[in-house]
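There are 2 protein chains.
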Amino acid sequence: MSFSVTILGSSSAVPTSERYPSAHLLNVDEHFYLIDCGEAVQIQLRKFNCKIGKINNIFISHMHGDHIFGLYGLLSTYILLERKTPLNIFGHQQIKNFIDEFIKNFGKGITFKINIIPVRFRKREVIFEDDKISVSSFPLKHSIPVCGFLFKEKQKLLNINKDKIEEYNIPLSSIHKIKNGENFELPDGSIIPNKDLTFPAYIHRSYAYCTDTAYYERIVDDVSDVDILYHEATFKKSDVAKAKNTFHSTSEQAAKIALKANAKKLLIGHFSARYKNPDIENLLNESIKVFPETYMANEGDVHKIELKRMQRK
Amino acid sequence: MSFSVTILGSSSAVPTSERYPSAHLLNVDEHFYLIDCGEAVQIQLRKFNCKIGKINNIFISHMHGDHIFGLYGLLSTYILLERKTPLNIFGHQQIKNFIDEFIKNFGKGITFKINIIPVRFRKREVIFEDDKISVSSFPLKHSIPVCGFLFKEKQKLLNINKDKIEEYNIPLSSIHKIKNGENFELPDGSIIPNKDLTFPAYIHRSYAYCTDTAYYERIVDDVSDVDILYHEATFKKSDVAKAKNTFHSTSEQAAKIALKANAKKLLIGHFSARYKNPDIENLLNESIKVFPETYMANEGDVHKIELKRMQRK
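Chains A and B, in that order, give the protein sequences.
Count along the first sequence from 1, then add 158; that gives the number in my numbering.
Count along the second sequence from 1, then add 158; that gives the number in my numbering.
Mixed in with the good hints there might be a few duds.
[Said to hold, decoys possible] Taking lysine-lysine pairs in the DSSO-like style, the calculated list, with each CA pair at most 30 Å apart, reads:
#	chain 1	residue 1	chain 2	residue 2
1	A	Lys-262	B	Lys-262
2	A	Lys-395	B	Lys-266
3	A	Lys-266	B	Lys-402
4	B	Lys-400	A	Lys-262
5	A	Lys-400	B	Lys-262
6	A	Lys-205	B	Lys-400
7	A	Lys-299	B	Lys-262
8	A	Lys-266	B	Lys-400
9	A	Lys-209	B	Lys-434
10	B	Lys-281	A	Lys-434
11	B	Lys-212	A	Lys-434
12	A	Lys-254	B	Lys-254
13	A	Lys-254	B	Lys-262
14	B	Lys-262	A	Lys-402
15	A	Lys-242	B	Lys-266
16	B	Lys-266	A	Lys-281
17	A	Lys-266	B	Lys-262
18	B	Lys-271	A	Lys-254
19	A	Lys-209	B	Lys-400
20	A	Lys-262	B	Lys-271
21	B	Lys-434	A	Lys-400
22	A	Lys-266	B	Lys-281
23	A	Lys-400	B	Lys-209
24	A	Lys-254	B	Lys-266
25	A	Lys-400	B	Lys-205
26	A	Lys-423	A	Lys-402
27	B	Lys-402	A	Lys-242
28	B	Lys-266	A	Lys-262
29	B	Lys-395	A	Lys-205
30	A	Lys-434	B	Lys-242
These are calculated hints, taken from the structure and not from any lab test.
Make the full structure from the sequences, and use the hints.
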């Protein structure tokens, strides 16, 4: 029952020798969701032992090259590996042309279907659901249309205590009801209260991805109480004017959003290549002052959210 | 007066965590020539401290994705760095469409000119010359049109012995003549023979790049006596049928070409991802049996050709 994010790329538009263009991989119970697809994403996926063939859904935040140029290589590899499973790509409607050009020029022998799902960039909406998660998109503020994504685990049922199944001889037909909170009636008419039969449900976990964006308070609602907020932090505090001009954020601004949204943990990334080690640490320090639970996104890092049970009321 | 090749990518179409798609960088006396442009080439260039801004000429062997998908990222970075110098791209005429699509969708604010120079793929021809080198293209044998490239240093002049300039009070006007082999006449009419004034010229160096290709003996003439022959070796000997079917070569076949061409050194690369360490060493061993001076292309390796003077006749 894992819920983890692997950082594949943490640089802004110009990569460095260590920081690659934007891409994250979300693993929810061995279902894999790729978020953005910067150049060399397929190499990063291999480097960090991610299951490249198990990605069925790709979410693209916007149409800048550092978020999509890895798609061509990844799709080519899927063709060579004779992928069969359909691949869903969520993004701006312009991505259709980008993919069509690929298919026309490099798609010979393609063995799988690519479904392009255009995302509306003007309002929050649920764009995807499966049995593990739901995904919402919401507008960010940048030089071109950009959306953030909120990945939210489905509400989990109560866990039944297996010892009690035996003790009370509970039939299969009653188990689902008990998991949904019902009590159980014994043949003699006496009632076993639900709390004696179950453990509290696990809390559903969440992860939000917000890049590229200027400081934009409207997203606070969209990401409120999220477990991990990934927010871009292209610039340090003293470069706030540059951030404003280019519709990016400082790490301090990312921290302010995390604080207002009551996020549990903040991941910052999309760092400008102008900051080298150890200077880049200032981005972290300036964020921590506002929001102590800040971490830098670094290639290969895996950020896990542990399962926790709800409190009984 | 360097002449060296840096390996940026040595994998075949599907990269691995260690081997990137095809790209080499040739450095001739700090003039930089990029050969093929596989995904992540800009990251590799940075990783190996290559001067990304000093590349003015890019040679593309063919239109398969693993040889060109790095172009989009590289061009984007040039735009962000506000490159001014024109960039020449040599390749199949189809590359124009590929670059046009880039300009249309991602070329906003471009500050430099891209010159596309279409290469004819049917016959050997000189496609480029500057004051350092000439570059010829010649046909290879693959599933789509592919050409190899031969990079040849210009014939160098004799080197003048500076001590003799002082000794005989040689005027500037005579120096170029002496470098071209003329004798020098003293004011008293006596003749100083050229060999007493000069050191022998340096031998011009050469490098050939041949990928992707089936075993194709016709190229032996095109690359004869080359200092370094880079020849693809996608497969091992026992997979020779696969090599034939896919228009690729085995490492043994690469070695046969090197032997017939009287190359001084063979570099093999474009390895299939199916061969892992240490199994991949067999590719090298099978080549060495035929051509002992074989080396594996590995990311970051720099293969230098030292300057040597010609022998006096």
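Taking the hints in turn, this is what the structure says about them:
At roughly 17 Å between alpha-carbon atoms, Lys-262/A and Lys-262/B fall within 30 Å of each other, so this suggested pair holds. Taking the CA atoms of Lys-395/A and Lys-266/B, the gap is about 28 Å. The hint holds against a cut of 30 Å. Annotation: proposed proximity of Lys-266/A to Lys-402/B holds, straight-line Cα distance about 19 Å (limit 30 Å). Straight-line distance between C-alpha atoms of Lys-400/B and Lys-262/A comes to about 26 Å, which keeps the hinted pair within the 30 Å bound.
For the proposed pair Lys-400/A and Lys-262/B, the alpha carbon gap of about 26 Å is at most 30 Å, so the pair holds. Restraint check: the Cα-Cα separation between Lys-205/A and Lys-400/B comes to about 27 Å, which is no more than 30 Å; the hinted pair holds. The suggested pairing of Lys-299/A with Lys-262/B holds, with an alpha-carbon distance near 23 Å, which does not exceed 30 Å. For the hint pairing Lys-266/A with Lys-400/B, the CA-to-CA distance comes to about 19 Å; that is within 30 Å, so the pair holds.
With a C-alpha separation of about 18 Å, the suggested pairing of Lys-209/A with Lys-434/B holds against the 30 Å cut-off. Taking the CA atoms of Lys-281/B and Lys-434/A, the gap is about 48 Å. The hint is violated against a cut of 30 Å. Proposed proximity of Lys-212/B and Lys-434/A is supported: the alpha carbons are some 22 Å apart, at most 30 Å. Using a Cα cut-off of 30 Å, the hinted pair Lys-254/A and Lys-254/B holds, with the two alpha carbons roughly 21 Å apart.
For the hint pairing Lys-254/A with Lys-262/B, the CA-to-CA distance comes to about 15 Å; that is within 30 Å, so the pair holds. Between Lys-262/B and Lys-402/A, the direct Cα distance comes to roughly 26 Å. Compliance with the 30 Å bound is thereby established for this hinted pair. At most 30 Å may separate the alpha-carbon atoms for a hinted pair to count; Lys-242/A and Lys-266/B exceed this at roughly 37 Å. Restraint check for Lys-266/B and Lys-281/A: the C-alpha separation of about 27 Å stays at or below 30 Å, so the hint holds.
For the proposed pair Lys-266/A and Lys-262/B, the alpha carbon gap of about 24 Å is at most 30 Å, so the pair holds. With a CA separation close to 28 Å, the supplied pair Lys-271/B and Lys-254/A stays within the 30 Å bound. Between Lys-209/A and Lys-400/B the CA atoms are separated by roughly 27 Å; this keeps the pair inside 30 Å, and the hint holds. The suggested pairing of Lys-262/A with Lys-271/B holds, with an alpha-carbon distance near 26 Å, which does not exceed 30 Å.
For the hint linking Lys-434/B to Lys-400/A, the alpha-carbon distance of about 46 Å lies beyond 30 Å, and the restraint is violated. Annotation: proposed proximity of Lys-266/A to Lys-281/B holds, straight-line Cα distance about 27 Å (limit 30 Å). As the CA atoms of Lys-400/A and Lys-209/B are separated by approximately 26 Å, the hinted pair is consistent with the 30 Å bound. The straight-line distance between the Cα atoms of Lys-254/A and Lys-266/B is roughly 20 Å, inside the 30 Å bound, and the hint therefore holds.
Between Lys-400/A and Lys-205/B the CA atoms are separated by roughly 27 Å; this keeps the pair inside 30 Å, and the hint holds. In summary, the hint linking Lys-423/A to Lys-402/A is supported, as the alpha carbons are separated by about 24 Å, within the 30 Å threshold. A hinted pair counts as satisfied when its Cα atoms are at most 30 Å apart, and Lys-402/B with Lys-242/A qualifies at roughly 26 Å. Using a Cα cut-off of 30 Å, the hinted pair Lys-266/B and Lys-262/A holds, with the two alpha carbons roughly 24 Å apart.
In summary, the hint linking Lys-395/B to Lys-205/A is supported, as the alpha carbons are separated by about 28 Å, within the 30 Å threshold. This hinted pair checks out: Lys-434/A and Lys-242/B have alpha carbons roughly 25 Å apart, not beyond 30 Å.
Hint check: violations occur at hints 10, 15, 21; the rest are consistent with the structure.
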